[in-house]
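**Q** Please construct the entire structure, taking both the sequences and the accompanying hints into account.
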Amino acid sequence: MIQQLSVFIENKSGTLLQILELLKNAGIQLVATNIVDTMDYGICRIIATQPKLACTILQEAGMSANLNEVFALQLDNHPGSAADAIAAFAQEGVGIVYLYSFLLGGKGILIFRTDNTERAKQIIKESNLQVINEEDLQHLY
Amino acid sequence: MSREDIRELQGRRLHKIVDYVYHNVPFYRNKLQEMDIEPDDIQTIDDIVRLPYTTKQDLRDNYPYGLQAAPQSEIVRVHASSGTTGNPTIVGYTRKDIGVWSECMSRCLTAYGITREDTFSVAYGYGLFTGGLGAHYGVENLGATVVPASTGNTEKHLRLIRDLGITGIACTPSYALHLAETMGKLGIRKEDIKLRIGAFGAEPWTEDMRREIESRLGLQGFNIYGLSEIMGPCVSYECECKHGSHICEDHFFPEIIDPETLQPLPRGQQGELVFTTLTKEGMPLLRYRTRDLCSLMEGECECGRTAVRMTRIVGRSDDMLIIRGINVFPSQIESVILSTQEFEPQYQLIVDRIDNLDRLTVRVELRNEFMTDLLPELAALEHKLADKLKSVLSIRAKVQLLPQGTLERSQGKSKRIIDNRKI
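From first to last, the protein sequence lines stand for chains R and X. Quick note: the first sequence uses this note's numbering, first residue 1, plus one each step. Quick note: the second sequence uses this note's numbering, first residue 1001, plus one each step.
Watch out, some of these pointers could steer you wrong.
[To be verified] With a cut-off of at most 30 Å between alpha-carbon atoms, the simulated DSSO-like pairs for lysine-lysine come out as follows:
| id | chain 1 | residue 1 | chain 2 | residue 2 |
| --- | --- | --- | --- | --- |
| 1 | R | Lys12 | X | Lys1390 |
| 2 | R | Lys24 | R | Lys52 |
| 3 | X | Lys1398 | X | Lys1388 |
| 4 | R | Lys12 | X | Lys1384 |
| 5 | X | Lys1190 | X | Lys1422 |
| 6 | R | Lys12 | X | Lys1422 |
| 7 | R | Lys12 | X | Lys1398 |
| 8 | R | Lys12 | X | Lys1415 |
[As the list claims (entries may be wrong)] Output of the computed footprint for chain R on chain X, the stretches with three or more beta carbons under 8 Å from beta carbons of chain R:
| id | segment |
| --- | --- |
| 9 | 1373-1379 |
| 10 | 1400-1408 |
Worth flagging that the hints you see were computed from the coordinates, not collected in a lab. The C-beta atom is built at its ideal place from N, Cα and C for all residues, glycine as well.
**A** What follows is the structure in structure tokens.
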């Protein structure tokens, strides 16, 4: 599993830029980012090169930010690989709470959270899915 | 009645009520004894300035029945209004109190022009709030036909207004405008309904609102004023002159005081309105501070009534908000937020009037440690707080989450409340 940074963002212009500039000034690189929004606010989810440092910097700047662990799967870069991976969870009745994906070093990366972490870990093992951790991710940069 | 006759009656009744509370309410007996006042010292209405004030805090300290003068067996009804930090204010009424209330309410309706021939819809909330039942009993007492519509279900209500040929209505002025809006949506025209008289109160309103309501609903709109601690709606009413509200001063004696020095102010000056109940049995109050700011008007009214008039309420001497006719104290909201660990003890209240209905938005800061990557968890926190607020305030507020540290930390209270209603 890898560390994901979640930041509360007010629904007003300039808030996202403020986050990105803080990370830029600290020399932290974004690997992937995703925003979910409501009428009034949103959550910005970030995979970054130095997640702990990024979290500290944002918190010190007065932002509501925290770290949590999410699943990261490395997939072959061909059509249908995501479907095959997710099918393993669906068959076992494990729900995907949120998911986003990106390409890195020629590999497809799926980032997601499930509604049953323990069961999801078993499924990954049983299905021989290629899970990656923080260190694996560093090698792909 | 001539002014002299009114004052003579008020003096007699004041003596009687002081004597009554002295012998039936320990709270008042102790206060009067501390001030070295015997009931017989109070003989004329001018002696009222010697009496102690009563505040909402006194009602709260003596919750629930501490200020009640009549034995419980004589109490036939209780109403409750919101308290500032939890305890509501309980008011018990004897059968005679209900009779006086109904009679004063009928007096208001008669001044507006309502007769036995009218069908009158009461669209104040029925229940612990005094608006619904108070107006209801007045209409029945007058002999007109009462339609207890209460609040909500606006479309059904409008159909009844049209189909029953309802001629009079009592509601908040903002609800009257909401009715007008909904009429437009349903395709009901002003010409399709027979409304001719509206009694509007329980929240402040302006002459502009009156003009708009009158033109959109095709009726004459009159102010009605009251508060549950004193009785309920019926304490004062506008006559056909619509120039100040006549006070039922044979039952409720008004004074205007300086809220800082507590000194009575001469007639015509603006200050805090204070009432003494002259005839009440259940829970009589001496010099109750309403916190409403207004002035008493000089001179006789063109309608011929000699009862003194009060101006519109121009503000409050505390920070109470009136939202959809319901009294809301910021301290109530504060105590709910303080009891919820996920939020910082900072908040901002925003009151808007959208489509003529008041909307309260409570902006709160999420504590950093409760930040999550899951949106539904944040939405659940908002709902949890909204539900808690609903149970305390009786109205629904929209909760808006903010990141910790967003709201300005100021010393004063002013920034905490933003009222955009322009009333």
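**Q** If a hint holds in the structure, say so; if it does not, say that too.
**A** Quick rundown of the hints versus the structure:
1. Lys12(R) / Lys1390(X): Holds, because 28 Å separates the two Cα atoms, which is no more than 30 Å.
2. Lys24(R) / Lys52(R): Judged against 30 Å, a Cα distance of about 15 Å means the pair holds.
3. Lys1398(X) / Lys1388(X): 12 Å, holds
4. Lys12(R) / Lys1384(X): Since the Cα atoms of Lys12(R) and Lys1384(X) sit roughly 25 Å apart, the hinted pair holds (cutoff 30 Å).
5. Lys1190(X) / Lys1422(X): 26 Å, holds
6. Lys12(R) / Lys1422(X): 26 Å, holds
7. Lys12(R) / Lys1398(X): The hint holds at about 19 Å.
8. Lys12(R) / Lys1415(X): Distance ~20 Å between Lys12(R) and Lys1415(X) Cα, so the pair holds.
9. 1373-1379: holds (count 5)
10. 1400-1408: holds (count 7)
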